[in-house]
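Could you put together the complete structure from these sequences and hints?
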Amino acid sequence: EAGVAQSPRYKIIEKRQSVAFWCNPISGHATLYWYQQILGQGPKLLIQFQNNGVVDDSQLPKDRFSAERLKGVDSTLKIQPAKLEDSAVYLCASSLEGPGEQYFGPGTRLTVT
Amino acid sequence: GDSVTQMEGPVTLSEEAFLTINCTYTATGYPSLFWYVQYPGEGLQLLLKATKADDKGSNKGFEATYRKETTSFHLEKGSVQVSDSAVYFCALRAQSGGSNYKLTFGKGTLLTVNP
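These protein sequence lines map, in sequence, to chains A and B. Using the numbering used here, the letters of the first sequence correspond one by one to residues 1 to 113. Using the numbering used here, the letters of the second sequence correspond one by one to residues 1 to 115.
Since the hints were derived computationally from the structure, they do not count as laboratory data.
Calculated pairs, DSSO-like style, for lysine-lysine (alpha carbon to alpha carbon, straight line, at most 30 Å): (1) K68/B - K44/A; (2) K77/B - K49/B; (3) K44/A - K56/B; (4) K83/A - K107/B.
Computed spacing ranges between beta-carbons, pair by pair: (5) N51/A - P40/B: 26 to 36 Å; (6) T76/A - G78/B: 37 to 47 Å; (7) P99/A - G78/B: 26 to 36 Å; (8) G78/B - Q17/A: 46 to 56 Å; (9) N51/A - S14/B: 46 to 56 Å; (10) Y30/B - P8/A: 31 to 41 Å; (11) S85/B - R9/A: 18 to 28 Å.
Just so it is clear, the structure is predicted and the values come from calculations on it, not from any experiment. Yeah, the Cβ is synthetic: ideal placement off N, Cα and C, and Gly gets one too.
Listed below in structure tokens is the structure:
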């Protein structure tokens, strides 16, 4: 069974530029999560989707971050404009249904210079 | 709000040593508790879980018991191997009647096992 796919794996941009990350969850998984993991800290939820609807985006900095999950399958997370403090690993996870086990992708490591 | 505190690392052990990584939590009600592991270059993987008080989660020789009275979920292994070297994260999922299933993580503990 294929796992959660993410791309790119690494990205380096300058501050004020924009960037987008892509996630393809495990087939059939209805719930999709984006987490931000800053170096030395645990992952922090940015947004949770149930199919293509948003369940929780309370910790998403909406002035610069946006996310969508059109058609309830893959998802994109965008940052525009990026700040230095956005340097982190962005993790995507999916679960078959809400309270089920969350399966994590390998993450995208973003460096903002 | 919900929070997880786990012991500071890094932890360095010799092969076959006993491992304990402490984890305590703050949450209302009865959260579910998890240990995730992140091997070098790989994504987070679920190691074990417990969903109610006094439950013991176990996997690959690792164990953790959900202690409601001490709000703890300490990870233990009787004899570590070099291949256990990784970052370990304690996490909770709040008891919820809705559809919010986010995980709240601790900061992680880096374990290095030397031969």
